[in-house]
Amino acid sequence: MKKGYFGDFGGQFVPELLMPPLLELEEAMNTIMTTREFQREFADLLRDCVGRPSALTHCPNLSKDTGVDLWLKREDLNHTGAHKINNTLGQALLTKRMGKKVLLTETGAGMNGVATATAAAMMDLECVVYMGAVDVERQALNVRRMELLGARVIPVESGTKTLKDAINAALRFWIAEQGNTHYCFGTAAGPHPFPLLVREFQAIVGREARQQFQDKTGKLPDVVCACVGGGSNAIGAFHAFVPDESVRLVGVEAGGTGEPGCYNSAPLNLGSEGVLHGMKSMLLQTEEGQILPSHSVSAGLDYPGVGPEHSALHASGRAEYDVINDTEALNAFQVLSRREGIIPALESSHAVAWVLENKDKLQGKSVLVNLSGRGDKDMDIVERVLG
Amino acid sequence: MTSPMKEKIQAAKAQGKTAVIPYLPAGYPTREQFWKELEMLDAAGAAIIEIGMPFSDPVADGPVVEAACLQVLEDGINLKWIFDGLKERKGQLDAGLLLMGYLNPILQYGVDKFAEDCEAAGVSGLIIADMPIDEADFVIKAMKPRGVEFIPLVGLNTSKERMALYAREAEGFVYVVSVLGTTGQRDSLPTEVKAKLAEVREVFDIPAALGFGLKTPSQLEPFGDLVDAAVIGSSLISHIKNGGTSESYMKAWT
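As given, the protein sequences belong to chains A and B, one line each in that order. Residue 1 is where the first sequence starts when you use this note's numbering, and the numbers rise one by one after that. Residue 388 is where the second sequence starts when you use this note's numbering, and the numbers rise one by one after that.
Quick caveat, the hints were computed from the structure, so don't treat them as lab data. None of these values were measured; they are calculated from a predicted model. Among the hints, erroneous ones may be present.
Quick list of the computed label-pair ranges, beta carbon to beta carbon [unchecked claim]:
| id | chain 1 | residue 1 | chain 2 | residue 2 | range |
| --- | --- | --- | --- | --- | --- |
| 1 | A | Leu23 | B | Ser575 | 50 to 56 Å |
| 2 | B | Gln479 | A | Leu23 | 42 to 48 Å |
| 3 | A | Glu287 | B | Ser546 | 37 to 43 Å |
| 4 | A | Ala315 | B | Lys528 | 22 to 28 Å |
Simulated crosslink set (DMTMM-like; lysine to aspartate or glutamate; CA at most 25 Å straight-line) [stated by the list, open to error]:
| id | chain 1 | residue 1 | chain 2 | residue 2 |
| --- | --- | --- | --- | --- |
| 5 | B | Lys467 | A | Glu288 |
| 6 | B | Lys474 | A | Glu27 |
| 7 | B | Lys528 | A | Glu273 |
| 8 | B | Lys531 | A | Glu177 |
| 9 | B | Lys528 | A | Glu177 |
| 10 | A | Lys3 | B | Glu608 |
| 11 | B | Lys500 | A | Glu273 |
| 12 | A | Lys2 | B | Glu634 |
| 13 | B | Lys500 | A | Glu287 |
| 14 | B | Lys547 | A | Glu27 |
| 15 | B | Lys500 | A | Glu288 |
| 16 | B | Lys474 | A | Glu288 |
| 17 | B | Lys581 | A | Glu177 |
| 18 | B | Lys628 | A | Glu157 |
| 19 | B | Lys477 | A | Asp222 |
| 20 | B | Lys528 | A | Glu288 |
| 21 | A | Lys2 | B | Glu556 |
| 22 | B | Lys500 | A | Asp8 |
| 23 | A | Lys3 | B | Glu556 |
| 24 | B | Lys528 | A | Asp8 |
| 25 | A | Lys2 | B | Asp592 |
Even glycine gets a Cβ: it sits at the ideal position worked out from N, Cα and C.
Chain A extracted, bound-state conformation (with noise of 0.2 Å):
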């Protein structure tokens, strides 16, 4: 296969300006990270300051309400709320290995962007968070959290103003920033060896929930089931479990409002193969390669594309991808929060709700959720679209 690719998906579509930092991180991924004395910083890190392992806990009400045993792996649980932390740190200390000063991110929601600022504060690193003026404006407390961890919060004027041109803008920057500057990329997509590293970084969700199931009921869960946007959280969770070849891998994207005509965020689903920063994948575009503004009421998982290890999963038929719409996954918020105390983010609402959606089918069956982010954030929007 070639270099930086996942079967025909993946690869380094970027301008010529960028191969240069491109390859400096591969190479720092292959001398640095491999070494004993990171390895077990990071694992001091994740352990004394994001709180992991993240807990893996049973839901028996909802289990008894659907006739499916349902599990959910606690990423909410972690510092700052989600699954992003495992990745924004380790691309910190990565950052502060290589020498670096300044750690740029790009943010939908926020989410990435708070995680991005909190690992760099703790490893006394600048940070710059590109995020779109629409967003800056519907997030607004996530930007207050952000400037308050020390971060410069630029928001992005051109095109959708929303995630997808966050990314240009970052992209953008670190063109010309890129001699003291790396590039957090913020889910396991874009340019190679982002795929690959933001997938090192979130894999120990599978491989800690693989452990933890097995260690609580002496079997593999039947099905593993994640929300995906770029897809990191899902990655993270499927890696573990691929070679498992009885357990289903069930991604679920955001279908939007599933009005015929409507944006929705279900590249896998809905969309095609094209070339979007930086990475060959699937994509939301016109016939004529124009990329298509998506919609989903859930910011995280609004991008008009996906991480090109799903695409390739996909193609090869070893995950499966669902459509969840809004209306489900606001549906299985509530559901959640009042049947076990847990609060999830909308994104992984969705994940929730594909299981409601198909008990019919699930029934018996072991089902591991991850539920990648919890939703105080989200309770602004909810109450919004709920009235």
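Given chain A, put chain B in place with the hints provided.
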């Protein structure tokens, strides 16, 4: 095989001039006016005209080019419109024709069909801003038989080793990016440009064009013979946006 891009640059050099390569996004400032601007650029002595193929996510471009690209996209400009217009005018322009853009629209159009239409429309060079040499094989293979030359972009951070990878495939000319950044005029260029141009001369045996960041012809003076051609984009777009024409713009450059 003769190289049309190289010949155009050498013809300007023979007259003791730096070849001028203006860049204009297709359909800018309007559908009709675009073709008039093209004629003006040609009449004013542009060696090569670089036509921008619009893309929704132009990561190598600064705000001026991006805004122009998004404007023409709104107006429905696509590859078919570009090829149809060029085919109608085939043979009417002296300047060489070069297309510049991003990979995805070309992929969706079909690389082979794109190459065929380039040939039919008289396009003899191609720049893809988000396709480094490492990913370029399949495009080069489709373009070469159609006489469409692969124009590489190299930057201030491109090592001689990586330049050598490009030099194996490059034809026409090599495009040297004068700033570590996106397109857009700068008041001054980095001091490293001269040394990089000297390296380019060592590695490539085709002409060198300097672009990104150019604003006035005087910016080329420090480089003397190291630069064969100048690419100008954002400053031309801004000139037109402010009510000027390509004709008045080119006076400073030719």
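For each hint, the structure was consulted:
1. Hint check: A/Leu23 to B/Ser575, Cβ distance near 29 Å, so the stated range 50 to 56 Å is violated.
2. In this structure, B/Gln479 and A/Leu23 meet the distance hint of 42 to 48 Å, their C-beta atoms being roughly 45 Å apart.
3. Taking the beta carbon of each, A/Glu287 and B/Ser546 are about 39 Å apart, inside 37 to 43 Å as hinted.
4. Our hint of 22 to 28 Å for A/Ala315 and B/Lys528 holds, since their Cβ atoms are close to 24 Å apart.
5. Between B/Lys467 and A/Glu288 the alpha-carbon distance is near 10 Å, which keeps this suggested pair within the 25 Å criterion.
6. About 47 Å separates the Cα atoms of B/Lys474 and A/Glu27, which puts this hinted pair outside 25 Å; it is violated.
7. The straight-line distance between the Cα atoms of B/Lys528 and A/Glu273 is roughly 21 Å, inside the 25 Å bound, and the hint therefore holds.
8. Note on B/Lys531 and A/Glu177: the hinted pairing is violated, with a Cα-Cα distance of about 35 Å set against a maximum of 25 Å.
9. The suggested pairing of B/Lys528 with A/Glu177 is violated, with an alpha-carbon distance near 34 Å, which exceeds 25 Å.
10. Straight-line distance between C-alpha atoms of A/Lys3 and B/Glu608 comes to about 42 Å, which puts the hinted pair past the 25 Å bound.
11. A hinted pair counts as satisfied when its Cα atoms are at most 25 Å apart, and B/Lys500 with A/Glu273 qualifies at roughly 18 Å.
12. For the suggested pair A/Lys2 and B/Glu634, the alpha carbons sit about 48 Å apart, so the restraint of at most 25 Å is broken.
13. Annotation: proposed proximity of B/Lys500 to A/Glu287 holds, straight-line Cα distance about 15 Å (limit 25 Å).
14. Distance restraint check for B/Lys547 and A/Glu27: the Cα-Cα separation of roughly 18 Å lies within the 25 Å cut-off, and the hinted pair is therefore satisfied.
15. Between the alpha carbons of B/Lys500 and A/Glu288 the distance comes to roughly 13 Å, so the proposed pair stays at or under 25 Å and holds.
16. Taking the CA atoms of B/Lys474 and A/Glu288, the gap is about 20 Å. The hint holds against a cut of 25 Å.
17. Taking the CA atoms of B/Lys581 and A/Glu177, the gap is near 20 Å; set against the 25 Å cutoff, the hint holds.
18. Only pairs whose Cα atoms come within 25 Å are accepted, and B/Lys628 paired with A/Glu157 is accepted, the gap being roughly 20 Å.
19. Taken as a hint, the B/Lys477 and A/Asp222 pair is broken in the structure, with Cα atoms around 63 Å apart against an allowance of 25 Å.
20. For the given pair, B/Lys528 sits about 22 Å from A/Glu288 by alpha-carbon distance, which is consistent with the 25 Å threshold.
21. This hinted pair checks out: A/Lys2 and B/Glu556 have alpha carbons roughly 19 Å apart, not beyond 25 Å.
22. Of the pairs offered as hints, the one joining B/Lys500 and A/Asp8 holds, with about 21 Å between alpha carbons and a cut-off of 25 Å not exceeded.
23. With a CA separation close to 20 Å, the supplied pair A/Lys3 and B/Glu556 stays within the 25 Å bound.
24. With a C-alpha separation of about 18 Å, the suggested pair B/Lys528 and A/Asp8 falls inside the 25 Å cut-off, and the hint holds.
25. Proximity of A/Lys2 to B/Asp592 is assessed by CA-CA distance (about 30 Å); at most 25 Å being required, the pair is judged violated.
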